[in-house]
Each structure stands twice: as C-alpha cells, then as structure tokens.
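Taken in sequence, the protein lines are chains A and B. In case it helps, our numbering puts the first sequence at residues 1 to 228. In case it helps, our numbering puts the second sequence at residues 1 to 475.
The hints are simulated quantities; they were obtained by calculation from the structure and are not laboratory data. Be aware that a few hints might be false.
To be verified - Below, computed lysine-lysine pairings styled on BS3-like, alpha-carbon distance capped at 25 Å:
| # | chain 1 | residue 1 | chain 2 | residue 2 |
| --- | --- | --- | --- | --- |
| 1 | B | Lys8 | A | Lys118 |
| 2 | A | Lys163 | B | Lys378 |
| 3 | B | Lys8 | A | Lys73 |
| 4 | B | Lys377 | B | Lys364 |
| 5 | B | Lys233 | A | Lys143 |
| 6 | B | Lys378 | A | Lys73 |
| 7 | A | Lys75 | B | Lys465 |
| 8 | A | Lys75 | B | Lys377 |
| 9 | B | Lys378 | A | Lys75 |
| 10 | B | Lys207 | A | Lys143 |
| 11 | B | Lys378 | A | Lys114 |
| 12 | B | Lys462 | A | Lys75 |
| 13 | B | Lys378 | A | Lys118 |
| 14 | B | Lys465 | A | Lys143 |
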Amino acid sequence: MKVIEIKDLHKIYSSSDIEVHAVNGVNLDFMEAEFAAIVGPSGSGKTTLLNLLGGLDMPTSGQILIDGTDLSKLKSSALIDFRMRNIGFVFQSYNLIPVLTAKENVEFIMSLQKWIRKDREERSYDLLKSIGLADRYNSRPAKLSGGQQQRVAVARALASRPKFVLADEPTANLDSKAASTLLEIMEKLNHEEKITFIFSTHDPRVMKMAHRVITLEDGKVVSDEKPE
Amino acid sequence: MIIQIAWKNVWRNKTRSLIVILSVAVGVFAGVFAMAAMNSSVVQRIDAAVNEELSHIQVNNREFRSSSDIRDLIQGFNEVDSLMRSLPGVNSTTGRIIIRGIASTSAKSAGVEINGIDVEKEKEMFSLHKKVIPGTGSYFESETKFNSVLIGEKLAKELNIIRYILTPEAVAHLDSLKIPSVVLSKLDPVYGERFTSDKKFNRELEKLLTPNEIKKYSIQIKEAAWSYREGAKLILTFLDKDNNQTGAGFRVCGIFRTNNDMFEGMSVFVPAGELRALTGMEEGTWHRLIARLDNNDLTDELTEPARKAIPSYEVLNWKEIQPDLAMIADFMGQIYGIFMAIILAALAFGIVNTMLMAVLERTKELGMLTAIGMNRKKIFSMIMFESIFLSIVGGFAGMGIAGAVIALTAKNGINLMKYSEGMEAFGYSAHLFPTIDAQFFITTTILIVLTGILSSVYPARKALKLNPIEAIRTE
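Produce the complete structure using the sequences and hints provided.
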C-alpha cells in the first residue's frame, strides 16, 4: 500500500540574485513498511526533500500526498496537527526534551494525542524494552549517551504509530558501534511495527542496511535501487 | 503534560529563576508592607477621629457651625433624638453643649472649645476616658465640690500645667531604662529644677547633651521628668445665654493624651450640668446631637436617611466634618493603585526579560516541539505557564513574607517616635500597627497572576514566530 506519493516536486530557494533548485522534479512513491535511505553528496537536496516530506517546508511546485492528503493544501495549524498524527521525526542531534525522562519523552506525542495513561505507559515500556533502555526509563537525556538518546528519539518517533518516520542523518553524531546498534534497532522496529522509515545518510554502513537506496544529485533522483 | 513541562522548565536554570522569584518576592513584600504601614496610619487616624473626637453622625442647628452662638440650639432635642434613634443602625446618641471660650492659668491663656457633656453616655460612646494619662486624675470620677474639667496634654503644656522636674524618682527610672550614667551625670546641674514649659526644658537639654544624645534619649528623659501639678486650677471664660461674659474656676480632673495635637490643644470637657449652671442654659437643651452607628461602614448609608428624618437641622457625618480624613482614605486607594502599578510593572519587566532569554536559549527545542506536532496553542500555553509560575511563586513568597511581617509588627507596632511630633501635629499616631484586609491580598494575588499572563505574551509570541527548520538547524 502506498503511504507517500511525490509528484513532480520542486523547491527553489531564491535570494536577491541567485536561485537554488534544491529539489528539482522529484517523483517517488513509498510503500508501507519500507526501510529507505536517501543518499547523495552534501547539497544534493536530501534534507530539503525530508523537510518537504515532513511538512516542515512547503514545495515551490508539485505535490506530496500522504495517504491521499495533499500536504500543501493544509493550513499551518492543521499541518502541525497532521504531523503530530502521521509523521515521526528523528533529528541529527537527538533533540529530546531535556526536562523529561526517557519514558516521558517517549510518551510525549502520545500525550499530545491524548492517549490514556495506561496505554501510554504500556507502549513506552514496550518501546524502551525494544531499544534496550528499559532500565533507563527514568533517566533524563543529559544522563544518557548520544547513542542512547538517539534510540529514545527513535522510540519517541514511533510511539504513536505514525504512518512513517523521517530521520535526517540519524547516525551522523554517533560512533560506529552506536550507529550500528541504532540501525539494528530501527530495522527491527520497522519490521515489527510495519512503519515506513525514510532516512537521509552519508554513511555507507547505513546504506548497506537499507532495503531501498535513493540517490539524489543536484535535487534530482539519479538512481532508485533495492539492493538484495 | 504542558503544565508539568512548564514547571520543570522553570527550574532548568535554577539560579536565574530564583533571582527572578526573589526579586518578585521582594517587590511584592515591599509594596504590600508599605501599603499596610501607610494604611494603618490612616485606619488608626480614622478610628481615633471616630472614637475619640467626632463619632459617626452629628446634628446641629443650621446656624451653629458658623455662628458658634450659644443660642443656636437644637430646639426640641428629645424629638430629634428619638427620630435619630429610630433609624436602624443607630447604636446610641448623646447631646453636647459647645461653647467657645478662653482657658487661662496664672501663666498663660488659650482659646478652647468647651464641651458640656453627659459623662455617663459619653463614656459609652467614646473612648476618651481610656486616654486619661495615668497619674493625672480620672475621667470625672473624683468627688469634688469644685467644677471639674478634662483637658488635653497639649493644652496642659501650653498652660504650664505640665512641667518638667528631674526628681530622684525620675532619675532612678531613667537608670532602670539603661540610660548611660555619662548622660545622667551631664544632667546633674538641672536635678530638682522646675521647667514650666516644653521649650525651656528642651533648651536646657540642648545645652547639656550632644545632638546625638538628644536624638537617642530626649524622649525618655522628658517622659521621666514630666510632672503634673496635681489639682491644677484654670479659669474658663465664655459668654452666657444672654451674651454676657462669664467664667469660673475649674479644677483639672484629668489630662488626656491622643495622637491629635489639635484636638488635645483645643477641646476641653466639663459635665453639662456645671456648664448649664454657669451659662443659664435650660435643662435638656443642647447644641449638638451626636450619634454612634453599629459600625463605621454604615456611615455613608445612614447619612441621607438621617437628613430626611431631621430635615430642619444640619446633619453631617464624620467624612463631611473632616473632609481631609475622608480624602486621605480615598487617596489611599489611589496610592495603592500607583504603588501596585509600579511594582507590577517592575515584575512584568523582570519576567519578560527572563522569559525572553529562556525562549531564545531554547530556539532549537521549541523548533523541535513544533516539528513533532506541538501546536501553537500548546507552545504558547507552555511559555505562559512558565511566566505564571515565576510570578506566582515570587508573588506568593512576597505576600507570605509580608503577611508574616505584618502579623509580627501588628502585635507590637512600629514605633516612629522620632517623628512623633510632626505626625501628631496632623493627628497621626507615631506608633503604627500595620493592617491590611483580605480584600487587598485577593486583589494583589489576582493582579500578580494577570501580570504573569500579560508579561508572557511577548516571549510566547516570539516563540511562535520561530520557524521549525531554522530552529532545528540552530546549533
């Protein structure tokens, strides 16, 4: 089943005399439970594409349909609400809420969605167990390592069972061991939860684990492969 | 969840939050306490005016206040009295004879208002009988064949009825008050000497003591040396009912002390019967009817009905008789407004500043929150709650401290003896008992919370303007 449809997507950044075509006529579809990497050199448009997919930025032209909903047709407040219900985010620099514990961070979006306490607690406990941090549920982010924080960020992104999770260079700040642990966890959760993961990366190890690798150059898709 | 995060956010930067909370607390404390102290002086002044001097409502012949003519009486006093008593809320009434005259001793004389009173009724309605200085006599209690008069301390000093003598007892008393012996030995030359006026004694003290010693000890020394000529006699001269000058000798039966120099210097009291005998006024005739109400709050409410009930006489309440007092009471409300506005403005600036810092510091985090789906309303509320928490914690701490200090000082009062002369000249006590009503606390609390909400608007709007992508990118 198609989760995301991207149709002739363009994003042009223009300042006084320069125009940058960050995304230039991209057409892509993502299916349920995909585990896809968007790769390419710096400035190829990976982050811009992810921002457009996440509704954090608006395309200059073209359409992004998520389960049939055109993102560009949503008003700003509806868009925030749409993101909260449908999209999970994992950022390069973890970005957990520093005053909340690991468990509270995982529960955060569920509580925005007004899940009842019991369900929230069960779900966050299961997820923390899956990412191997059940014993650290009461720790604040400052007490966790970078890798552990990013695992909590993944759990948070998945917690409310969004349609897909966007991860912008999730391993960029991690050492190789933490990076591979994180990826294993992401892949496991992708498999278990059947939630689509789309992540941008430079990291060849990450590319190797992806089930689909989309390569961007100058804002265009130059290859779209499914390595065996 | 939002409230919980907001509360936790307040304590992220403990030092900064504590400094803001402390400054809010100090501001609120200072404001509330200063108001309580100022309020107390006004409340005490009004209480004194009502309980010692004026009572709540007075009725006069329409001409009397301007003419002061002994013949401008309330005709048919008993009828007027029963009309007044029939009004619900009127507690008690009495009549007074009021005659302008001159009080003189062998040394001096002074213009006075002679009040002929019904001693027993006045005792029930006024608290002046409690103000008789111990050792100077009583409120018309001693049996004497002479006419007796009750006068104020100020008048007694003016007429040289009070003098200053440093007797051995006075020195022993000063010694027990731990006045340094150096100071006492400096006073040696004046031991036993009699000073007939305040001025003369002051002049002597200035010669003997240093300015610093005077500042520290003169009040206690004067208090100890204060001596009253027992059974002093004075002559009251006035016009009788036929406008012929008359007068008589009176024995001072007691000296009262209030905080109002004007009242002490002007008013003398004699039993009405004695005054009637001297002026030839008929039994049952009075110049003024004085009414006491169940409580002071009824004053405004009852004035009009009283006017309607007694249309041919002038009916005035204490606010109309002493408009300066009423004005000050109103003025206090305005001062309170200005005071609170200044404090709350300072509080608002402090909070805006802190919250703005907090928002700008957390750009990335706020961007992330928007990105993952926390809507504008929730972000706004979160910042608003943080501001409110800061103001509430600070405000309550300030009010708590103020409440405690007011409770402590209300028991023993704040003694401003240094300024007593100036304050008492205007009728204000130099001994303040800070008081504040519950209404004030409630209003202040509401205002603090409102200020917290208002001062959160700017930082919260700033937070809403953050673009999530820019915000997340900020390193």
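Exercise. Mind listing which of the numbered hints don't hold for this structure, in increasing order?
Key: 3, 5, 10 and 14
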